[in-house]
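Residue strings, one per chain:
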Amino acid sequence: MTDEKCGKADESFARHLRKAHLTRPTPAIPSQFNAGVMRAVRQEAEQGARWPAWFQLAVWRAATASTAAAIVAVLTFSVSMRSVSLSDTDEASWFDDATSMLAFDQEFMTAEDIEQL
Amino acid sequence: MDASSDQEIIREILAGNADLFETLVARHRERIFEMLTRLVPAESVPEVAHETFLQAYRSLASFRSSAPFEHWLVKIAVRRAHDYWRKIRSARETPLSSLSMAHREAIENRLSDENSTQQESNESLEAARQRLDRGLNQLSPADRMVVVLLHLEERGVREVAELLNLSVTNVKVRAHRARKKLYRIIKDEG
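In the order they appear, the protein sequences are chains A and B.
The numbering used here numbers the first residue of the first sequence as 2 and each following residue consecutively.
The numbering used here numbers the first residue of the second sequence as 15 and each following residue consecutively.
There could be a bad hint or two in this list.
[Claimed, not checked] Derived lysine-lysine pairs resembling DSS-like cross-links, with alpha carbons at most 30 Å apart: (1) K194(B) - K89(B); (2) K20(A) - K201(B); (3) K101(B) - K20(A); (4) K101(B) - K194(B); (5) K201(B) - K186(B); (6) K195(B) - K20(A); (7) K195(B) - K89(B); (8) K201(B) - K101(B); (9) K186(B) - K101(B); (10) K195(B) - K101(B); (11) K186(B) - K20(A); (12) K89(B) - K101(B); (13) K20(A) - K89(B); (14) K89(B) - K186(B); (15) K194(B) - K20(A).
I should point out that these hints are in silico values taken from the structure, not numbers from a laboratory.
If you're wondering where the values come from, they're calculated on a predicted model, not measured in any experiment.
With the rest of the complex left out, here is chain B (with noise of 0.2 Å):
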């Protein structure tokens, strides 16, 4: 089938044939890993596109067709994706500060003799990911979300605050605190 009868295959797995479903998945499956490899770690993205695709499933009869589907899986997937970090948060055993100490002694003794500016410069798009990864953890899962669709993807305001159900207001407002907060926690530990 081609891209453009995704609606007709929602209409026959809603008449009954689930099998169907398996269509979908193999179309969108893709651009959902892709989509998630950028809001959650690596080895959680498997179980949160699975996710992604049963809610999807579960609601279905809740598509509208007036926007292509895959937008609309792709709005569960950062709903799914938030709901993952609100999971971690509540589920942490280890306080932040103790790790955001030790990985604090750990880049200050590789960055003392040199200048720091130089260093951002020079790091690796891994140590730099994963510096940011240590500083998003420290954000709120709402939080987190915003600056990672606001900032880091530049997806515009509307969007980001239609993707969480947020109002633009709340995105905004959200957008600041948390860049700023951020900001800081990355600064403190270079």
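This is chain A alone, in the form it adopts within the complex (with noise of 0.2 Å):
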């Protein structure tokens, strides 16, 4: 076979090969699927008074919004926490958690949008 007829023998198998691939079957989504999640989303949920929703409206605010408002929500949180320390008689522990929290979602976030916050 020539170079040129191999190429095109090779083409038109990649093709053969993506289209093989884009064409899988999706499976059925099992009956208790959004089930199952929910399940387990009100297990984190109750174990979730780690973080505590204020704190995490705070975090989400502050990914989401413009610079300024990012600083405000920060300050909120900033003020926040110093009551938390205050009253919370667990507060180191909370704290080891918020930041373990920041730093998993390292993932989502880039170290400047954490350095933002």
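Combine both chains into one complex, guided by the hints.
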């Protein structure tokens, strides 16, 4: 076979593989799928008092708002942190959880994003 | 609720109404299943989809409203698929070489008396899928994801880099090497 013919055969073979890949039949969604996810989510939510709702909202707002709004959100967070550390008897472990959450989310947020927070 | 209110739902969930997460699951599960079907074996799609949604819930506070929620979810699904292959690879007990030898023999028997190029064009899509999967199984998890997203799904280099958290250069280099390797594996098999 000439090089040109080989090239064309390869190209057609690659197209065939691509078609095979793209036409994979999607499996049926199990009837209990939503229920399974929500059971796990509720378990997380129950344990999730680790990160109070106001903290999560502050992080989310900071990540989605403009720079100015982000500063306000962070200041709000700082003030809240102070009040938490004054009132929360378990502030050390709470703070560990909060910082580990930020570290964990580095998967989705760049170092600059975290710095901006 | 309509499609434009994902953000409103997210705000409510973050304010403590975890039950509303089910609305997001119901709204996006089909897309995630469809996407994962092309990234992991069919029997593992529900499990990886479950992990995708759970991870999304855990990281919801880091979601940015500048991009649609579904884009963010797809990114999580791609990374969970990558993790899936990493786990499979580290847990694999059967040496790949012996698997590929057995498959090679079967294919050689099947193709022995016909021109291979002719076979390729006549090969059923299912057989092509199986052959492709055997080839992909021999790539590293990261190379596999790059080849699938870039060459099979024809996504852009920048998008693949972002999805896999790699640099654009890294994606290009991996793609080049992995494509050549996959080509060699599949051709040798045929």
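**OP:** Below or equal to 30 Å on CA atoms is what counts here, so check K20(A) against K89(B).
**Re:** holds, 23 Å
Original post:
Does K101(B) lie within 30 Å of K89(B) when you go C-alpha to C-alpha?
Top reply: With Cα atoms ~19 Å apart, K89(B) and K101(B) stay inside 30 Å; holds.
**OP:** Would you mind confirming whether the straight-line C-alpha gap from K101(B) to K194(B) stays at or under 30 Å?
**Re:** holds, 24 Å
Original post:
Going straight from one Cα to the other, do K20(A) and K201(B) come out at no more than 30 Å?
Top reply: Holds, at roughly 17 Å.
Original post:
Quick one, are K89(B) and K186(B) close enough, alpha carbons at most 30 Å?
Top reply: holds, 19 Å
Original post:
Under the criterion that the straight-line Cα-Cα distance not exceed 30 Å, is the pair K195(B), K89(B) satisfied?
Top reply: holds, 26 Å
**OP:** Mind checking the alpha carbons of K195(B) and K101(B) for me, to see if they're no more than 30 Å apart?
**Re:** holds, 22 Å
Subject >> Holds or violated: K186(B) to K101(B), with C-alpha atoms at most 30 Å apart >> reply: Measuring from Cα to Cα gives roughly 25 Å; hence the hint holds.
Original post:
Do the alpha carbons of K186(B) and K20(A) lie within 30 Å of each other, as the hint requires?
Top reply: holds, 23 Å
**OP:** Sort out whether K20(A) lies within 30 Å of K194(B), counting only the CA atoms.
**Re:** holds, 19 Å
Original post:
Are K201(B) and K101(B) close enough, with their CA atoms no more than 30 Å apart?
Top reply: holds, 27 Å
Original post:
Hey, K195(B) versus K20(A), does the alpha-carbon distance stay inside 30 Å?
Top reply: holds, 20 Å
The structure agrees with every numbered hint stated previously.
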